[in-house]
Amino acid sequence: MTISTPAFYFSGHTSRPENVVLQVSPDERYLEILSEDLIRERWELRILSIESAGFKSILNSRIQKGKTLEFENPDFLKALQEVQNKKGHTGIYSRLMQGNAFYHLLFAAAIIAVLAASYFLAVPWLAERAVSLLPETYDDRLGNLVSKDLLEGNRIDSANTKIITEFAGQLDLGPGRQLHFSVLKGPEVNAFALPDGNVFIYSAILPLIDNSSQLAALIGHEAAHVRNRHSVKLLARNLGGYLLISVMLSDVNGVMSAVMNNANSLRNLSYSRSFEEEADAGGLQMLVRNHIDPNGMKSLFEHLQSEEKFHVPVFISTHPVTERRIRNVDDFLKTHPASWTTQPKLDSLFQLIKTDDK
Amino acid sequence: MDIDASLFPSPVQAEENPPLKFSFEGEGGEYFSIVIVNWLLTVLTLGFYYPWAKARKLSYLYSSTELHGSRFTFHGTGNEMFKGFIKAILVFIILFGTMTFFRFMNAPILAILSFGLGLFLVYPVALHGSYKYRMSRTSWRGIRLGYRGDRSELFSIFTKGVLLTIVTLGLYRSWLYINIRNYMLSRIRFGSLTFRYNGHGSDYFILNLKGYILTILTLGIYFFWWQKELFDYYINNLSIESENRSIKLRSKASGGGFFKLFFVNMLLLVFTIGLASPWVLMRTMRFIFSNVEVKGNVNLDTIMQTEIEYTDATGEDLSDLLDFGFVI
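Residue numbers (our numbering), protein chains in the order written: chain A, 1 to 358; chain B, 359 to 686.
Please keep in mind that the hints were generated in silico from the structure rather than gathered at the bench.
This structure is a prediction, so every number in the text was calculated from the model and none was measured.
Take the hints with a grain of salt, since some may be wrong.
Quick partial rundown of chain A residues pointing at chain B, CB under 7 angstroms, derived from the structure [stated by the list, open to error]:
1. Phe10
2. Gly12
3. His13
4. Arg16
5. Ala53
6. Met97
7. His104
8. Phe107
9. Ala117
10. Asp139
A virtual CB, placed ideally from N, CA and C, is assigned to each residue, including glycine.
Turn these sequences into a full structure, and let the hints steer you where they fit.
What follows is the structure, encoded as structure tokens:
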């Protein structure tokens, strides 16, 4: 059975349409172009390119430069594609395209699954690798960007800075970079550490601290942030997620990548929460190592949490004290029965801060 | 076996002045399949499929565009655009390399100057190249389009315009834009026919100034009418001519039509987090072509092939890297 279709033939010299009939040759190697029942040209099916959109199809041949055929017949189009498939003349692309819309939805789902897997598994892992390859001088440069401004733009409480530096000097903070403490005058209830080892404590948080073990807990927490290079890790994960999303989704469209990039920022909030928990654990270990009462961590949290009822201090919003974190500390205390001694040197330094307050 | 076509005079009854019609027949479902398969192959090849993906997309868009009962065809291939892409990347490596060299030599001003000058030179080259490539790879009924602009002429229009724009603190930009448009569009050939664009910078400047002020005064409502006026300005100044005959293009778009287009597109995108973008593009194309009226006394059945082939896609890819949309 030969299927045929009426078509327009364009010679490549003028735009004048000529009426022809198309059919596939019996040996299925050629497309035959008939006019007035005579075969006028034969185009090799192997190198025939088919473009179709809506109901119309356009045929071109690589060696028939400029010549074009145009027809409107879905059955003939299907017959042509079947012959090309059977003879193996179709590339991967055309084969993928010939599947119905359901397959394409499946493709979309599959790609999204692969992207999700690489986003949730590969990016954090790669980020961790990348950070371990980065020299620590990178942390210095990153921290310097901010710490210089902070030191110049704020009034320093030099008396308390000196005391806290001495206080921290009494503690074994573990191996790693040298830490540098500064107390900044200001109403914010906050403390934070920069990757270059600069730890900033706002003076407003000091009256909320009751005893030396609470202060040691705060210092231990910030020190763990620096030692574990949390800032650089966060940056690497953020960038990695952003890159993956832009590369894989921007080709599809801007809206999707914009939505996903916002999701990426939300995701980073949860990363930073896990870093907070890691810093708590690091702080607790430091307390145990120095024979300081680890309950200081818990009472510090409870104290800050009760403060939250009146107003939300900045410390809470950047280091949210969640029930979960307090529970984690409890678990640690239960599983690590530690002995501690009184710390007369730390207590007396702490008293100096307290009298300074008054 | 090839038989000489002239042996078969074929009897096509062409009217003297048949009514002309532009339309866009692409379908969202078909385009969705193309986008998804492209996406799959792009992800699998770590992005290297991009030029081929682009060729597929353009090919579908062109084949969906119908004039006077026949579709356009895009003949560009992924291979051509990949080669162009490599050359375009090389150009940018040289640009960035020079800048880094001067920075390294502690000459930041020279670094910025060399980069700025480089971009300044690349722009017209990219524009010229992309028009030449894109037009030559476009055909209708086998008749190729072509761009016959001269690179140095374009360069002098561009240089003069940029300098005046700098001197006038940006005010001259409308004139620069329209002068380039006039020059480039008027050098597009459609076989034996010629495109003609006849705009004037001052009209364009006033149109945008008015649009901007009224949009602010009406809290954004006028924006859609501004878009309509811009569309009118692009379409109504365009004509296609042959010796003493011409085809005029007329816009039928309305501000309300633009409002409906933008509003529905936005809803579609927001509620599908963007997955509906193939349908959005098809809607937009259909809107554009259904709002262009074609009137004239040129017989489209008698266009002759006049343009030669040009397959260097470097300009096309440079434009991609510089990220300016194609204006036609």
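query = Under the criterion of a CB-CB separation shorter than 7 angstroms, is Gly12 of chain A in contact with chain B as hinted?
reply = holds (4 angstroms)
Phe107 of chain A as chain B interface residue, shortest Cβ-Cβ below 7 angstroms:
holds (5 angstroms)
(message) Arg16 of chain A was flagged as interface toward chain B. Is the shortest Cβ-Cβ separation under 7 angstroms?
(response) With a closest approach of 5 angstroms, the Arg16 of chain A hint holds.
### Query
Given Asp139 of chain A was flagged as interface, is its beta-carbon under 7 angstroms from a beta-carbon of chain B?
Where the cut-off is 7 angstroms and the nearest Cβ of chain B is about 24 angstroms from Asp139 of chain A, the hint is violated.
Item checked: chain B contact restraint for Ala53 of chain A - C-beta distance below 7 angstroms -> With Cβ-Cβ at 4 angstroms, under 7 angstroms, it holds.
Does the CB of Ala117 of chain A sit less than 7 angstroms away from some CB of chain B?
violated (12 angstroms)
| Taking the closest Cβ pair, is Phe10 of chain A under 7 angstroms from chain B? | Because about 4 angstroms separates Phe10 of chain A from the closest Cβ in chain B, which is inside the 7 angstroms limit, the hint holds.
Fill in: Evaluation of the interface hint that places His104 of chain A against chain B, nearest CB under 7 angstroms
For His104 of chain A, the interface hint holds, since the closest Cβ of chain B sits about 4 angstroms away, which is under 7 angstroms.
- Item | chain B contact restraint for Met97 of chain A - C-beta distance below 7 angstroms | holds (6 angstroms)
_Checking hints one by one. Is His13 of chain A an interface residue toward chain B, by the C-beta closer than 7 angstroms rule?_
holds (5 angstroms)
The structure is inconsistent with the numbered hints 9, 10, although it conforms to all the rest.
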